[in-house]
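Colleague: So you can see what is in the structure, the chains are spelled out below.
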Amino acid sequence: MKNLSPTLNYPSIWKKAPFIKNDFLRWFLFISVALYLAAALGTMDINLERIKEGLPRAQRFLDSFFPPNFSDNRGVVWEGIAESIWMAIVSTVAGIALSIPVGLGAARNLAPAWVYLICRGIIAASRTFPEIILAIFAVKLFGFGPFAGFVALALGTIGFYAKLLAEDIENCNPSQAEAVKATGANWFQWVNYSIQPQVMPRMIGLSIYRLDINFRESAVVGIVGGGGIGATLNTAFSRYEFDTAAAILLIIILIVMILEYTSGFMRKWVQ
Amino acid sequence: MPTNQTSGGEIWKQRTDKEQWIRWFFWLISLSVIAYAWQMISEKTIWFFVTDAPNQAADIAARMVPPKWSYIDQLWKPVWDTINIATLGTLIAMVIAGPVAFAAARNTTPNIVVRTAALFIIVSSRSVNSLIWALILVFILGPGVLAGTIAIGLRSVGFCAKLIYESIEEIDHTQVEAIEATGANGAQKMIFGILPQVLPTIAGVAIYRWDINIRESTILGLVGAGGIGLQLNGSLNTLAWTQVSMILLVILVTVFISEWVSAKVRGAII
Amino acid sequence: MLQLSELKKRYDTGDYALKGVSLEVPKGQVLALIGPSGAGKSTLIRCVNRLVEPTSGSVKLKDMELTGLSSSALRRARRKMGMIFQEYALVERLTVMENVLSGRLGYVGFWRSYFRKFPSADIQEAYRLLDRVGLKHMADKRADELSGGQRQRVGICRALIQDPDVLLVDEPTASLDPKTSRQIMRLIQELCIERGLTAIINIHDVFLAQMFAQRVVGLELGAVVYDGAPDGLTPDVLTRIYGEEDWSATIKAAEDEEDEL
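Residue numbers (this note's numbering), protein chains in the order written: chain P, 1 to 271; chain F, 1 to 270; chain U, 1 to 261.
Fair warning: there could be bad hints in the mix.
[What the hints assert, rightly or not] Here are the simulated lysine to aspartate or glutamate pairs, EDC-like style, with alpha carbons at most 20 angstroms apart: (1) U:Lys-60 x U:Asp-163; (2) P:Lys-16 x U:Asp-122; (3) P:Lys-15 x U:Asp-165; (4) P:Lys-140 x F:Asp-52; (5) U:Lys-141 x U:Asp-131; (6) U:Lys-62 x U:Asp-165; (7) P:Lys-268 x F:Glu-177; (8) P:Lys-268 x F:Glu-166; (9) F:Lys-189 x U:Asp-122; (10) U:Lys-80 x F:Glu-177; (11) P:Lys-15 x U:Asp-227; (12) U:Lys-19 x U:Glu-6; (13) P:Lys-15 x U:Asp-131; (14) U:Lys-80 x U:Glu-53; (15) U:Lys-136 x U:Asp-122; (16) F:Lys-189 x U:Glu-87; (17) U:Lys-80 x U:Asp-122; (18) P:Lys-21 x U:Asp-140; (19) U:Lys-8 x U:Asp-227; (20) U:Lys-80 x U:Asp-227; (21) F:Lys-77 x P:Asp-45; (22) F:Lys-189 x U:Glu-53; (23) U:Lys-27 x U:Asp-227; (24) U:Lys-60 x U:Glu-145; (25) P:Lys-140 x F:Asp-59; (26) P:Lys-16 x U:Glu-145; (27) P:Lys-15 x U:Asp-122; (28) U:Lys-60 x U:Glu-24; (29) P:Lys-268 x F:Asp-211; (30) F:Lys-44 x P:Glu-79; (31) P:Lys-16 x U:Asp-140; (32) U:Lys-141 x U:Glu-194; (33) P:Lys-21 x U:Asp-163; (34) P:Lys-163 x F:Asp-211; (35) P:Lys-16 x U:Asp-131; (36) P:Lys-163 x F:Glu-166.
[What the hints assert, rightly or not] Only some residues are given here: those of chain F computed to face chain U with a beta carbon under 8 angstroms: (37) Thr-116; (38) Glu-180; (39) Thr-182; (40) Asn-185.
Since the hints were derived computationally from the structure, they do not count as laboratory data.
Small disclaimer: the values here were computed from a predicted structure and weren't measured.
We put the CB at the ideal spot given by N, CA and C, even for glycine.
Excised from the complex, chain P in its bound form (with noise of 0.2 angstroms):
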């Protein structure tokens, strides 16, 4: 090696190799990205007599934010925010509740086979549809208001802390659960014992996070008729009051840090 006679050459070129190594492959899916962002860009419909039309609007919403009218005349707003964040708790709750007995079930080292897939099942559907759409229909069924905005999000939260919760359960360490259950205790005291130890602060973490969403999903709820401080938003922009729109927006925002504060601080509380 020390001998190398420095006459030897080395190459003078070096390129990087490629990220996709096949070369047809590679020009296969770059022209295929590259047709598709122009078709996709060419169904974009901008219409420019509209967009100028616009302009003035967006001018007069940025501008009513400074200041934003948080004491408008009806009170709405501070109505709207209370009657979103009941719904954001009790949904949260009752969400919760709701996806413990379906998160036991559906974790692979709980459950029997028919009661896991039953389960999964469950989250499979309430996860598809956005809250949004459940909501729709919760409001055909239980009439304008409140109520069904909670039950559309009491479902979309068991999609997802019911599936959060199944897989922290399978992630547990096998063997502290084993050497409870070495013990002689029984089902429920084996969960109580070793499953709810591991998942606990997790799961508390994840609840204040829930609430968070929940909260901004009660936003929007109300656009089609579920209460909360959607219905208070939509009917500001509809009647072009943008600085009341301006006001909920930066009451949302404002919550929303102070939900993620909470649960940065609550989840090192707890453990």
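Given chain P's structure and the hints, the job is docking chains F and U onto it.
Modeller: The following block gives chains F and U in isolation, referenced to the frame of chain P:
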């Protein structure tokens, strides 16, 4: 270990008395808040409708079957729009989220003012649902696919930037230090030291968000922002229940396929 | 060649990591820096290329004062100081070749480096260095596919392609097995001789230091407590550096090592 002294000797208790009181207090507060919240909701509820709901459900379900299969001919275009809204929206989001994430990460942006501004962009984008963004944009840009795309983009910026900046903060600093030690400038440090470490996260986040965006873009039509939601809204308003069930089926299949595609792409890239 | 005088570093916590270190390293000397964890070894070599900003004192490389340099002048100065890291510090997701070429970043512009269009002389040199350390066939492998010893060789190539005057080596063997540690240390020693390089090597392992260095400096709590020849490391000296312990076995092992070679 907290114990109680009784005539029978020591009795083990899990918690001290003080802890126990705090716990009771905590539960009392929580339960009263929940009870109050429930009270507020039930005041505004017309219970006749709720008790009647099973009948309503049976009625609607009966009207929804069988789905109007032939309606699919009118759904291809909306589905195509929906996919485009999700894809282009994700693209817009990623273009904005990259710089925002670097501005929000503690190790790439020491300046507290810039970082706070970036974090505020992230929180506001995340707090406002895409449907609300769509509502705003329809007022400004007029109804259509463009408003939907930008709404999806604006909503996704916060989500993507948050995940990316968290991953930037977790990079291995010595790799960056090694690049710095060679005499590289700031931009080179970025592309050689930082970017290679976060690129997998960036790709993963884009795919993950695209999957979510497919779901979200199915409903933007409810406020006029394009996609299959327009048809859903129209069918709901005209009580064309067989069309509604057809649309729901199409959404189901689209979501299912997008989930499959994103899983495949993720597997291929990472 | 390299001259440190009254170098001090105080961290924000108020602790002094370096309490006024003065050292003069002549050209071509391989100096081993030993001392317990927390003695300030890493801080010392990072103060040389200012990855850690010294609080006071001066660092001179070839009579150029480094401590006051502006950031662009500092970047130019860093090109002449190759650094080899503990845990290799390769950019794991880049290829071996990219990692080696990253040593030239100080010499090429941003867009050239972005498109990986390095000058052909650099590429030739990279291949030559990789061949020298026996890794030419690995050039297009990703760095995280390599074993520890191989990664450290790539790290060495990255430092050498800078064409440095000084090598700053931070615990090169900390995560390697004993055999690989020796190979790596020998490689560094040989390369320093081949190129007439000055080197400061931080090292935990006392007898590796004795084997491969011409001079040993012992650091304790941020101050130099020993500066001399490797065979001057008597149990007394080691006790001064590391604290009370039975050192005869360590020194014995080092002597045996010498015999083996």
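Colleague: Work down the list of hints and note, for each, if the structure agrees.
Modeller: For each hint, the structure was consulted:
At most 20 angstroms may separate the alpha-carbon atoms for a hinted pair to count; U:Lys-60 and U:Asp-163 meet this at roughly 18 angstroms. A C-alpha spacing of about 15 angstroms is found between P:Lys-16 and U:Asp-122, which places the hinted pair at or below 20 angstroms, so the restraint holds. Between P:Lys-15 and U:Asp-165 the alpha-carbon distance is near 29 angstroms, which puts this suggested pair outside the 20 angstroms criterion. Between the alpha carbons of P:Lys-140 and F:Asp-52 the distance comes to roughly 11 angstroms, so the proposed pair stays at or under 20 angstroms and holds.
As the CA atoms of U:Lys-141 and U:Asp-131 are separated by approximately 14 angstroms, the hinted pair is consistent with the 20 angstroms bound. Between U:Lys-62 and U:Asp-165 the CA atoms are separated by roughly 9 angstroms; this keeps the pair inside 20 angstroms, and the hint holds. Between the alpha carbons of P:Lys-268 and F:Glu-177 the distance comes to roughly 31 angstroms, so the proposed pair goes past 20 angstroms and is violated. The suggested pairing of P:Lys-268 with F:Glu-166 holds, with an alpha-carbon distance near 17 angstroms, which does not exceed 20 angstroms.
Between F:Lys-189 and U:Asp-122 the CA atoms are separated by roughly 19 angstroms; this keeps the pair inside 20 angstroms, and the hint holds. Using a Cα cut-off of 20 angstroms, the hinted pair U:Lys-80 and F:Glu-177 holds, with the two alpha carbons roughly 16 angstroms apart. For the hint pairing P:Lys-15 with U:Asp-227, the CA-to-CA distance comes to about 47 angstroms; that exceeds 20 angstroms, so the pair is violated. Restraint check for U:Lys-19 and U:Glu-6: the C-alpha separation of about 8 angstroms stays at or below 20 angstroms, so the hint holds.
Distance restraint check for P:Lys-15 and U:Asp-131: the Cα-Cα separation of roughly 18 angstroms lies within the 20 angstroms cut-off, and the hinted pair is therefore satisfied. A threshold of 20 angstroms between alpha carbons decides the hint, and for U:Lys-80 with U:Glu-53 the separation of about 18 angstroms falls inside it, so the pair holds. A C-alpha spacing of about 15 angstroms is found between U:Lys-136 and U:Asp-122, which places the hinted pair at or below 20 angstroms, so the restraint holds. Restraint check: the Cα-Cα separation between F:Lys-189 and U:Glu-87 comes to about 19 angstroms, which is no more than 20 angstroms; the hinted pair holds.
A distance of roughly 15 angstroms separates the Cα atoms of U:Lys-80 and U:Asp-122; the hinted pair therefore holds under the 20 angstroms criterion. In summary, the hint linking P:Lys-21 to U:Asp-140 is supported, as the alpha carbons are separated by about 13 angstroms, within the 20 angstroms threshold. The straight-line distance between the Cα atoms of U:Lys-8 and U:Asp-227 is roughly 18 angstroms, inside the 20 angstroms bound, and the hint therefore holds. Between U:Lys-80 and U:Asp-227 the CA atoms are separated by roughly 25 angstroms; this puts the pair beyond 20 angstroms, and the hint is violated.
Between F:Lys-77 and P:Asp-45 the alpha-carbon distance is near 13 angstroms, which keeps this suggested pair within the 20 angstroms criterion. The straight-line distance between the Cα atoms of F:Lys-189 and U:Glu-53 is roughly 18 angstroms, inside the 20 angstroms bound, and the hint therefore holds. Simply put, U:Lys-27 and U:Asp-227 have alpha-carbon atoms about 17 angstroms apart, close enough for the 20 angstroms limit, and the pair holds. Pair hint U:Lys-60 plus U:Glu-145 does not hold up; C-alpha atoms about 39 angstroms apart against a cutoff of 20 angstroms.
In summary, the hint linking P:Lys-140 to F:Asp-59 is supported, as the alpha carbons are separated by about 11 angstroms, within the 20 angstroms threshold. Restraint check for P:Lys-16 and U:Glu-145: the C-alpha separation of about 16 angstroms stays at or below 20 angstroms, so the hint holds. Using a Cα cut-off of 20 angstroms, the hinted pair P:Lys-15 and U:Asp-122 holds, with the two alpha carbons roughly 13 angstroms apart. For the suggested pair U:Lys-60 and U:Glu-24, the alpha carbons sit about 9 angstroms apart, so the restraint of at most 20 angstroms is met.
The straight-line distance between the Cα atoms of P:Lys-268 and F:Asp-211 is roughly 31 angstroms, outside the 20 angstroms bound, and the hint therefore fails. Under the criterion of a C-alpha separation no larger than 20 angstroms, the hint pairing F:Lys-44 with P:Glu-79 is consistent with the structure, at around 12 angstroms. Straight-line distance between C-alpha atoms of P:Lys-16 and U:Asp-140 comes to about 8 angstroms, which keeps the hinted pair within the 20 angstroms bound. The hinted pair formed by U:Lys-141 and U:Glu-194 fails the criterion: a straight-line CA distance of about 27 angstroms is larger than 20 angstroms.
A threshold of 20 angstroms between alpha carbons decides the hint, and for P:Lys-21 with U:Asp-163 the separation of about 33 angstroms lies outside it, so the pair is violated. As the CA atoms of P:Lys-163 and F:Asp-211 are separated by approximately 17 angstroms, the hinted pair is consistent with the 20 angstroms bound. Proposed proximity of P:Lys-16 and U:Asp-131 is supported: the alpha carbons are some 18 angstroms apart, at most 20 angstroms. Restraint check for P:Lys-163 and F:Glu-166: not satisfied, since their Cα atoms lie roughly 24 angstroms apart, outside the 20 angstroms limit.
Residue-level restraint check for F:Thr-116 is violated (minimum Cβ-Cβ distance to chain U is 22 angstroms; threshold 8 angstroms). A least Cβ separation of about 6 angstroms between F:Glu-180 and chain U falls short of the 8 angstroms threshold, and the interface hint therefore holds. Taking 8 angstroms as the C-beta cut-off, the interface hint given for F:Thr-182 holds, the closest approach to chain U being about 5 angstroms. Annotation: interface hint on F:Asn-185 holds; nearest CB of chain U at approximately 6 angstroms, less than 8 angstroms.
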